[in-house]
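**Student:** Residues per chain are reported as follows:
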Amino acid sequence: MFHELRTPLSVIVGYAEILVARGDEPELRREASARILEAAEQLSGKLDALEAE
Amino acid sequence: VSDISVLLIEDDSMVRGWVRLALEGTEFRLAGEAASAPEALELAERRRPDILLLDYRLGDAVGTEVLRDLRRRGYETPAVLMTANAEAGFNEIAREAGARGTVLKSGRSAELLDALRTVCHGGTSFDARHPPRPSGQAALSPREREVLRLVAAGSTNKEIAEQLQIGDETVKTLVSRTFAKLGVRRRAEAVAAAHQLGLL
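Sequence lines, in order, name chains A and B.
Taking the working numbering, the leading residue of the first sequence gets 1, the next gets one more, and so forth.
Taking the working numbering, the leading residue of the second sequence gets 1001, the next gets one more, and so forth.
Hints may be right or wrong, so weigh each one.
As the list claims (entries may be wrong) - Only part of the chain A face toward chain B is listed, based on derived beta-carbon distances under 7 Å:
| no. | residue |
| --- | --- |
| 1 | T7 |
| 2 | V11 |
| 3 | I18 |
Unchecked claim - Stretch by stretch, here's where chain A covers chain B in the computed footprint (C-beta under 8 Å, at least three residues):
| no. | segment |
| --- | --- |
| 4 | 1014 to 1025 |
| 5 | 1105 to 1116 |
Hints were generated in silico from the structure; no laboratory data involved.
The beta-carbon is built from N, C-alpha and C at its ideal position, and this holds for glycine as well.
From just these sequences and the hints, can you work out the full model?
**Tutor:** So this is what it looks like as structure tokens:
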């Protein structure tokens, strides 16, 4: 279970770090933001499922 | 100059996207991206990368088994194994499968690049955050791995003997030695261990 939670979290950290370093590139900014949102939603879904158990 | 080719083997598209960006502007370039074991074997053959970056839990397979398969086919390409969590004994599992390094998927590109650079320059880079294998556990021989796979598949000792064409007593010895090495006492625990090792 931890593995499933950790993966989207590391995706969020990874893209956030790239945003901090290269946020002035518009295309990259869009991609990184979309991925962060996607990973956060995935993480939220997994936490909901855990809570429901 | 991007002159070191990396074959990325990872089933999660978001992680693949992150690795792609993390390697941008460095000396590394992606030689290809594989999401499954068959794709990995095919791309390794076709692209002949300088280094392999393999996820441990691939969904349909386990990175260590993919690496063993590649080694059996004669590929000596240096490999780094990735996993999301720090796991006891992971460095040992990776080393035994033929990897030269491990990296945690922390999202920190410097950690990923450091591991790739060290391994590319002929060194080893095993992430110290993976606790060592618990004492009493030891590496399994190919025969013991085979026995463990069959135990996990629900085979009785007699069925294992038939399948491997060996004597009942030999099976008993192999089973007890395998359990001892894994630090397990019951078949159910062995199943969990087999799953962890990617033998299921």
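**Student:** Honestly, which of those hints from before does the structure not fit?
**Tutor:** The structure breaks none of the hints.
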